[in-house]
Amino acid sequence: MFYRLSGIKPVSYAADAQLWPVPFDRSLVAVIIVLAVAAPYVLPSLYLGSYLLPWIIWATAALSLNLLMGWAGQIHLGFAAVMAIGAYGAIHLVRAGLPFELALLGAGLLSALIGLVFGAAALRVKGLYLAVSTLAMQYMIDWVISHVPAISGGSQATLQTPTIRLLGLPVVSEAGYYWTALAICILVTAFMLNVERTSFGRALVAVREKDFAAAIIGVNAFYYKLAAFWVSSFLGGVSGAILAFCYYRAVTPEQFHLDVSIQAVAMVIVGGMGSVLGSFLGAGLVLLAPIVLNNLVVLAVRWLDLSLPSEIVALIPLILYGGLIVGFLLLEPLGLAKVYDNVRKYFLAWPFRNVQR
Amino acid sequence: MDIAFLLELSANGILIGLMYALIALGIVLIFKSSGIANLAQGAMAMVGAYVAWALLVLAGMPLWLAIPLSLAIMFFFGTGIERVALRPMVGQPVIMVVMLTLGLEILLRGLAPAIFGTAIKRLDLGIPQAPIIVGPVLINTAYLVSGAVALGLVLLSIMFFGTRLGTVLRAVSDDQMASWSVGIFVERAIGLSWGLAGVAAAFGGILWGSVQGVDWTLSLLLIKALAIAILGGLDSIPGVLIAGVIIGVLESVVPAFLDPHVGGGTRDVVASLVILLTVILRPHGLFGREDIERV
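Chains A and B supply the protein sequences, listed in that same order.
Under our numbering, the first residue of the first sequence carries the number 1, and numbering increases by one thereafter.
Under our numbering, the first residue of the second sequence carries the number 1001, and numbering increases by one thereafter.
Chain B on its own, in the form it takes in the complex:
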């Protein structure tokens, strides 16, 4: 294994990890505001990619119109899910809410291909195919652009939590009852976080869709996003960034070492392994807050 190859794997891994982090960002946004883990995040990314494809190809819109429009649609899609499905579940046990989001994931995973057709769709964002060469390292241009967008978005959401609205969301996440009593519209704040999660998912879905094509397999990003969210700590946005980079690098470097020995496919289990180790060694993740329960 020579150093240049390792560098190349790591560099592309970092960029891929940043793209995964976009989808994890949605999970963290929702968890931060409402304490609900959204297992439908992968399916939301898939829906976002399908919507962008429909606007670009079916409706024939130009790129500058189709992307913002699909982001807007996904914002309302997110708030809509919160309104229709999650709000009636307030006060139900966690197991019910987790199962509900899982049901949504399955439903969307079946519904979107049934509506738009199951064949893989090409989503062309006009990113050049030629790789960028830095010294001995080849970097995929699509990964570079996507990684940059992802990094920008994650930084933006870190800044967002410093604004007034972000403070409101943090207050809601801290104590819904208390925020209610000081005049914060808790439902509206949670709806907003679902909308933002929808936007993050749409970004992730569109970027991934442009790399690997749009079909139902986009919803499999859920497991990577979950690994990132859990490793980073479910309520920490900087954690998403760092865990994303870690998972991305592990995912590209580990198969290079292990695949020849075990016959391939280690890429898919890296995320699962990270989840397991995190849960067993440090359940609240690298940067998450440890909750103390009282009777």
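If we strip away everything but chain A, and leave its shape as in the complex, we get:
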């Protein structure tokens, strides 16, 4: 029905190396891109600004983290710190008079530089030790950001983002911010889709599976681990800058606390480690589930005439991230992407006419 591929196998290398060999996938992607670009004309401003825009930005961030966690197999509990460096870097660069495009690059480079420090720990240790040292670095960068007034303007301060100009045109409208974020998101997605087809991605996977075994067959684990941290931090810094400029439009140190790192980790795990589609699904679920659940709780409270203190409603996202991480790791370690994949595979062979009985 959908896929019309049952029983057909790729017969050439070119067909095998295609990004989307199934025609249905190609048209699906095209439709989604058209819808995403047209969203400002179609969606009411509330949905665009408070659901779709953060979803796209967080999916970009989740993709960047997924490169590290899913493909390279390194644990990173300090991703919010990397994003914070990107956000603050971009703001200061734009304030110093750099055009936004260059400031984004600069912020990415700055994050990548600090990200390499995380990477240096990864060269020395792995697994649990890496988790703990990235956690420690998150605390330290948090502390530095809120204690150095030159960066944050003091621990209570809020930095307003200046108006950005893209290619000379000022970006002021909701739609403009959305398209900026979407363009970056599409770029990062295209990069990630191609990572797994290049030698770089395959080397990362080899390092993920067993780094010393990879070293024996000639993959330079040292280099690829560092490169994974570099690339991931670069993209993370860019997405942090986009998050600050296009969504928050003002930055405080609290926006990049440890909880945010955990949120990003939750997105990667819930979506599925090492899956591009999964990062989008995971970001969507982790962002939207607390909102939906909040509304449900509020409804239930009104219905049953209960009085629930507001602090408890505030705890719902925490319970939810934790529950989602634990639940997905126990029940479907490959995440939402695998759930989608199962459905897709079912329909790939759907009419089952080629099955020999």
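These aren't lab readings, by the way, just hints derived from the structure by calculation.
Since this is a predicted model, take the numbers as computed values, not measurements.
It cannot be assumed that every hint is accurate.
Claimed, not checked - Beta-carbon label-pair distances, calculated as ranges: (1) A:A15 to B:S1181: 29 to 39 Å; (2) A:T198 to B:S1181: 52 to 62 Å; (3) A:K338 to B:L1277: 38 to 48 Å; (4) B:L1277 to A:L102: 50 to 60 Å; (5) A:R95 to B:L1155: 56 to 66 Å; (6) B:F1185 to A:L35: 53 to 63 Å; (7) A:I216 to B:T1167: 51 to 61 Å.
Every residue, glycine too, gets a C-beta built ideally from N, C-alpha and C.
Starting from the structure of chain A, add chain B where the hints point.
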């Protein structure tokens, strides 16, 4: 900076460090038996404190009944976590297991305040408020009692690893496959270590809860406990003791020197700094065993 003040800071720091060591003890117990690092240890301490508070205040039990009962509850809580969450993860990559315990930490950190209420709760263990004065040094009585309990527990667990059951746990930590083939119930041993970790966490949580009140911030003890466990070497219980003292002293002395210069808050980064330096200079810690990997 005069010497008496420094002495006072160090003395209280040692006692605080011993209390931190209690929570680190749980991490080490679990790592020693199953090679899993439990990032949910801080949340387990918090749950232990909440349970003790619930028994003492909500249920109105006397102290001598409430404390042992909450320890018992936490023992089964620990084994329960192992049974429900960790056992299905056998054979999964480390990254998955670490993330699972982190998920547990977040879940518990949200769940416990949601059930018991978010306001800070007072946990009164009947320890007198007046400080003890030794020469020029004031020592907080609550810290002294807690430090003594912690020291006793850590020594007890060192002795425990000399007993038959302790030998079983060490065998399991050494080689799960080999212990299985000589007739050790590996799952039961790992469950036991989780139960003991739950008890250690409960002790830590209750003692800290009596000092600073019971609320979700107790789960922040995780970072200090991790610093101690990493510095001491993840599989060494004497290491916990010594690293606990080191971290405790550093944590009270360093802010006294640095806070005036950088504007406060250095206390929170000392543990992180220790973790980083340990991982970079000597990943297996002071007393830990260096593992050699083979393809």
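So, going through the hints one by one against the coordinates:
1. The supplied range of 29 to 39 Å is broken by A15 of chain A and S1181 of chain B, whose beta-carbon atoms lie about 50 Å from each other.
2. Between T198 of chain A and S1181 of chain B, the C-beta spacing of about 45 Å breaks the proposed range 52 to 62 Å.
3. At about 40 Å, the beta-carbon gap between K338 of chain A and L1277 of chain B stays in the expected band of 38 to 48 Å.
4. Hint check: L1277 of chain B to L102 of chain A, Cβ distance near 36 Å, so the stated range 50 to 60 Å is violated.
5. Taken as a hint, the range 56 to 66 Å holds for the pair R95 of chain A and L1155 of chain B, whose Cβ atoms sit roughly 58 Å apart.
6. At about 57 Å, the CB distance of F1185 of chain B to L35 of chain A agrees with the hint of 53 to 63 Å.
7. For the pair I216 of chain A and T1167 of chain B, the beta carbons lie near 36 Å from each other, so the given range of 51 to 61 Å is not met.
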